[in-house]
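Chains A and B, in that order, give the protein sequences.
Heads up, the first sequence is in my numbering, so the first residue is 90 and it goes up one at a time.
Heads up, the second sequence is in my numbering, so the first residue is 1043 and it goes up one at a time.
Just so you know, these hints were derived from the structure itself, not from any lab.
Because the structure is a prediction, the values reported are computed rather than measured.
Among the clues, some could well be false.
[Unchecked claim] Per label pair, the in silico range of CB-to-CB distance:
id, chain 1, residue 1, chain 2, residue 2, range
1, A, L160, B, N1171, 55 to 61 angstroms
2, A, P142, B, A1265, 26 to 32 angstroms
3, B, T1277, A, E183, 28 to 34 angstroms
[Claimed, not checked] Straight-line Cα separation of at most 27 angstroms, DSSO-like style, residue types lysine-lysine; simulated pairs:
id, chain 1, residue 1, chain 2, residue 2
4, A, K294, A, K105
5, B, K1119, A, K223
6, A, K223, B, K1118
7, A, K240, A, K261
8, A, K216, B, K1119
9, B, K1118, A, K217
10, B, K1118, A, K105
11, B, K1119, A, K105
12, B, K1118, A, K216
13, A, K217, A, K197
Think of the CB as a built atom: it goes at the ideal place given N, C-alpha and C, for glycine as much as any other residue.
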Amino acid sequence: MSIAVEHLTKLFGQQKAIDSISFRAEPGKVMGFLGPNGAGKSTTMRILTSFIPQTSGRATVCGFDVAREALEVRRVVGYLPEHNPLYPELYVKESLGFVANIHGLQNKRQRISDVIGLTGLGDEQHKKIGQLSKGYRQRVGLAQAIIHDPKVLILDEPTSGLDPNQLSGIRKLIRDLGASRTVVFSTHIMQEAEAVCDHIVIINKGNIVADDALSSLRGVHPGRTLEEIFISLTGSNAIAH
Amino acid sequence: MLTILRKEIAAFFSSLVAYIIVGIFLAATGLFLWVFPDSAVLDYGYAGLDSLFDIAPYLFMFLIPAVTMRSIAEEKKEGTFELLATRPLTDWQIILGKYFGSLAIVLMAMAPTLIYYFTVYELGATRGNVDTGAVIGSYTGLFLLGGIFVAIGILASAVTSNQVVAFTIAVFLSFFLFSGFDSLSRLVSLQQADTLIAAIGIMEHYQSVSRGVLDTRDLVYFASFTLFFLVITKTVLGGRKW
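The whole structure should be built from the sequences, with the hints applied where relevant.
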């Protein structure tokens, strides 16, 4: 089991960002982590990458406890944060080299050219990150996340702001990566989740409202698209007309 | 840690700001030491660098916060801190990488002032008539002072994501710690404890080191204050509350 989350709770002051959630993610599968804005997706991902500490509960990644074995967790996880923060003043290769150095990679050059190939950055690899379009920046973020060949990939809205051509490229990449790894990714595009994911977890207001394989989720709600299922499970958040 | 340190230095010198800051520091020290009649060596008549080391702390008070203000504040604002903190790095490695990176920049700004020393050395009434020991002591003092100011600057940069706020806090804290306690110790109502209060401030220790006397008490003072500010920085960042 690559990711195991048990009764994880995070409080921000009095507000419960996530409320005793539990789920698991297995290797070789892509898990879609869905939910409306503010449901607690990013908070969960930040806890799983040992960026912020949880209030209570337990989470392990590849058997390492996120609170007590933070460095080991960060070594096996590749993480693309929400909004894809990057250093705009660095060149693409420089930025990848920086990350490779932090991980202490031995075959640095080889890995950099590998991930540039994998993410389709070839044409833009000599530019500064600040000069890149949003889609290419997203690829740089993804390249940084996979440069150390992590066993677990956590991607927070990796496809936001991409055009349709780029979308299909990135989706295929996520599927390919998921064949041999554990991938957890969040998105607001339900068609994308249907196309990419094997397993769906839907979170709403800090609680898990669905946790099932995509196929069995469809079985429980026959004849409905994922979008309709999503709206019926989380719809109370919608603005009343 | 070395990776962070290198990136810190590279990021600094890849922007024009770096050259402006270092340039202004050198221009100001040059003016005070050679041109302004109140402090110029040529008018003073003695071959010494005293006026350089008198003015340098006050320049450092502005120069160093300008160097350090972006180091953590910008990472927090742009979200790239999350990028660093989710890599296999401890908070200490990030903080120390940034600390030593900024300190290295300060050293690089200081290095060209060695030319002043050689100039004064050559200009002495008999060539070489300079108190070299005092100059070495003064440079040591200035370096230790820089160490504390950088630690203050890193702390100020960690408490906010606004660079202007970070700069302002750092300037004030540096100024207060350098000469504030010295001034307070001269308050009449505090006269019973004046030596104690003055001893909290940096000026007392800076002047003592500048005389060329390397007293372990002063070294302990500089080291412990630097460490103190770095530990607070670690506490602030460890909370992840922003």
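Consistency of the hints with the structure:
{"no.": "1", "hint": "L160/A <-> N1171/B: 55 to 61 angstroms", "verdict": "holds (57 angstroms)"}
{"no.": "2", "hint": "P142/A <-> A1265/B: 26 to 32 angstroms", "verdict": "holds (31 angstroms)"}
{"no.": "3", "hint": "T1277/B <-> E183/A: 28 to 34 angstroms", "verdict": "holds (32 angstroms)"}
{"no.": "4", "hint": "K294/A <-> K105/A", "verdict": "holds (8 angstroms)"}
{"no.": "5", "hint": "K1119/B <-> K223/A", "verdict": "holds (19 angstroms)"}
{"no.": "6", "hint": "K223/A <-> K1118/B", "verdict": "holds (20 angstroms)"}
{"no.": "7", "hint": "K240/A <-> K261/A", "verdict": "holds (18 angstroms)"}
{"no.": "8", "hint": "K216/A <-> K1119/B", "verdict": "holds (23 angstroms)"}
{"no.": "9", "hint": "K1118/B <-> K217/A", "verdict": "holds (21 angstroms)"}
{"no.": "10", "hint": "K1118/B <-> K105/A", "verdict": "holds (23 angstroms)"}
{"no.": "11", "hint": "K1119/B <-> K105/A", "verdict": "holds (24 angstroms)"}
{"no.": "12", "hint": "K1118/B <-> K216/A", "verdict": "holds (24 angstroms)"}
{"no.": "13", "hint": "K217/A <-> K197/A", "verdict": "holds (19 angstroms)"}
Going through the hint list in order, the structure satisfies each hint without exception.
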